[in-house]
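Student: Sequence:
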Amino acid sequence: MSEERPARSKTKDTILRTALALFNNEGEHAVSSVDIASVIGISPGNLYYHYKGKEPIIRELFSDFEIELRQVLSAPISEPLALQDNWIFLYIIFEEIWDFRFFYRNPTELIDRVPELKVPFSRLLGLKERTAFSLLSDLEEGGHLAFGEGEKAALTARLAQHFTFWLQYHSLREGEVPTKALIDRGVYQSLSMISPYWAHGSGFAELLHEAEPA
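Each residue of the sequence shown is one higher than the one before, starting from 1 at the first, in the UniProt record's numbering.
Simulated from the structure, these hints should not be mistaken for lab results.
Any given hint could be a false lead.
[Claimed, not checked] Derived pair list, reagent style DSS-like, types lysine-lysine, alpha-carbon separation capped at 25 Å:
#, residue 1, residue 2
1, Lys52, Lys152
2, Lys52, Lys12
3, Lys52, Lys10
Let's have the full structure, built from the sequences with the hints guiding it.
Tutor: Structure below.
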């Protein structure tokens, strides 16, 4: 059974959409609940009626993010992907993370301030690992990849870490990068991690070439 977002009032939806845009673009730490109310054009008291401060907004946004990312990550666990679909699937993962990118800018500091996020964030990390393992296993069974003892588990961990810290790395290394280029690099780097294990003639080399950023 797929998860669904809870029904919300129009005002709550507006508050969440506005907060997400502000948190993503300006950094969550730099935005107050008063800032959110000001951008929407409502009084701080009106916002407080719906969300009693910024932390409840953050928790509800994370709930939305978890629902969306769980739906995406569960797809290859339920049914194997065709070889070419792996490129598209990775792209969808990075797009989903980008849409809620403020959670990945400094997750440790955010969890320290909103400790209720620790358990669901940990759940997502576990699901990333299971998804990566499932993808690699399907490619191995299809004859596209070959692993020695322990290599698949190690690669699974590296991929899950890459999904989680990709934004931080590029932010520290290069600063602002156009969105499409950033996502293209995330996908290409994921496939580059996998490429040492490809079986020659399997078609995986062509997949890597197709995903190479311009």
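Student: Now tell me, hint by hint, if it's right for this structure.
Tutor: Structure-based check of each hint:
Taking the CA atoms of Lys52 and Lys152, the gap is near 46 Å; set against the 25 Å cutoff, the hint is violated. Taking the CA atoms of Lys52 and Lys12, the gap is about 12 Å. The hint holds against a cut of 25 Å. Proposed proximity of Lys52 and Lys10 is supported: the alpha carbons are some 17 Å apart, at most 25 Å.
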